[in-house]
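On the provided structure of chain A, position chain B as indicated by the hints.
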Amino acid sequence: MRTPIGSTAGKARAWLAWLLPLTLAGCATVAPQQRSILADPTMRFDAQAAHEAALRHALDNREGSMGGHGVSGGGCGCN
Amino acid sequence: MQLKGGLAWAIAAVLVVSAAPARAQVAEFDTSHTVFYEAPTKTHMLVYSPSADLKATPWTWLEVAAGWQADVVSGASVATKAGPTYQSNHPAADVVTTASVRDLRNLGHGELTARGETTSLTAGYAYSTEHDYRSNSLFVNARTDVLQHNTQFELSYARNFDSVCDRVQGETNPVRFVALEDSTGCFTANPLRTTHDIGIDTYEASWGQSWTPVVETQLTYTAQLVDGFQSDPYRSVILGEGLKGQEHEPNDRAREAVTARLAWYLRALKAALRFTVRGYNDTWAIRSGTVEAEFEKSLGESFRVMARGRFYRQSGAVFWSDDYTGGGPPLGPKGQYWTGDRELSPFWSWLAGVRAVWTLTPARGRLLGVLESLQLVGSGNLTGFSYDEYTLGGTPVSGALAYVVTLSLSAAF
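Heads up: the protein sequence lines correspond to chains A and B, in order.
Here our numbering is used: position 3 in the first sequence is 3, and no number is missing along the way.
Here our numbering is used: position 37 in the second sequence is 37, and no number is missing along the way.
These are calculated hints, taken from the structure and not from any lab test.
Where a beta carbon is used, it is the ideal one built from N, C-alpha and C, also for glycine.
A hint or two may mislead.
Short derived list, chain B residues pointing at chain A, Cβ under 7 Å [claimed, not checked]:
| id | residue |
| --- | --- |
| 1 | 214 |
| 2 | 217 |
| 3 | 404 |
| 4 | 406 |
Negatives, chain A to chain B, calculated, CB over 10 Å [to be verified]:
| id | residue |
| --- | --- |
| 5 | 7 |
| 6 | 8 |
| 7 | 9 |
| 8 | 11 |
| 9 | 13 |
| 10 | 15 |
Only chain A is shown next, with the shape it has when bound in the complex (with noise of 0.2 Å):
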């Protein structure tokens, strides 16, 4: 059963949802000198990105879903 954005449960998993990654957020201490690994391109979620878009967009075009890789785009180039 899903619960409506507008009742008071939906309100409250919003706001939730929101500060949630504050409260984490705040736990979490890498020191600038710390993060010479975190800057790896090896270590980079889209170091790749425009390299990848064409496989991206392919899958996209042959599954039922999406979502996860930035909303830009146009076009439909479905076949």
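Coordinates of chain B only, in the frame set by chain A:
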């Protein structure tokens, strides 16, 4: 012509801004070339997708980008879909037909990004044309880093104003609608052609977090509202004895997905493991799950290789049926809509791929006197689909493999 005009303006804008006195001038040119090929039963599809992008940073606070991409499509698609019940009643007839497909998609886009020390704002526009499809897309993105760059929040929104070509129907009952024969006359004053609007709103919110010096995560929520004609205008579905109707899908669709990613650096191996899990749900009752794992290792300063595996599983749309003429469940009619789209049927798929990246950055000076760096990327991916219910006249789809090969070159000036 409209596309050429838009591209010319975008390129001119890049050049004008680039010509201004540079403070932190970096220009980057990227070109990418992808070949997609698949050949499941009765259809062959070959798509070549070139792209070229130019990005300039005339000031540290401003980035200007413009680009072009295309899809050159040739092959065949299923034009009339029938299922096993109908085929068994008409054993002599080849009830599934295919139609050759030739299309060309051109897309031009431009973007402006304003950057602060910890924030950025991007606005962009894309215009694309196909023989039977037009698209105008506006998008904005806001991003901020907080807590010493350990936390990133990102909000994005895109609005598409699209239109698709269709045949003017002489009937009012959708079961008697006739499929579009070809794209001749589309987007002209041809009285036998019409267009349908499609509005697409896409929203995305993302939270990235560095937890330790070697662990990073990202949580993304994506929602999309689609309003308009979503059927394949060329496809017909056999609905009964002597009754063949153009594919008829609902006009409204609300879609949402939650994606979680984890990157974990393995110091001993000097390599990174990346995992992605995605859950998806929509108002057509499609639910899906995706699991993806990538392993990427640096080999020296300038070379890195990656291997990936991916598994995907989805349920079918509530109105999906492999045969609307009858038969025992899950076959039979499914209310007021019908489709022959295999992407709306229940199936699972797998993907395996490799990628190599070679980056050349001179320790001092510039390559050939002009290049700050040069990067070559090559990848190959193989994906296979296994359909639970989708058949072509009762014959299971075999050899549903797709090959995707991409080569990219990136040069920074």
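Results of checking the hints against the structure:
1. 214: The hint holds - residue 214 of chain B has a Cβ within 7 Å of chain A, the shortest such distance being about 6 Å.
2. 217: With Cβ-Cβ at 9 Å, over 7 Å, it is violated.
3. 404: holds, 5 Å
4. 406: holds, 6 Å
5. 7: Given a closest Cβ separation of 17 Å, the condition holds.
6. 8: holds, 21 Å
7. 9: Given a closest Cβ separation of 17 Å, the condition holds.
8. 11: holds, 16 Å
9. 13: Given a closest Cβ separation of 12 Å, the condition holds.
10. 15: holds, 14 Å
Checked against the numbered hints above, the structure breaks only hint 2 and satisfies the rest.
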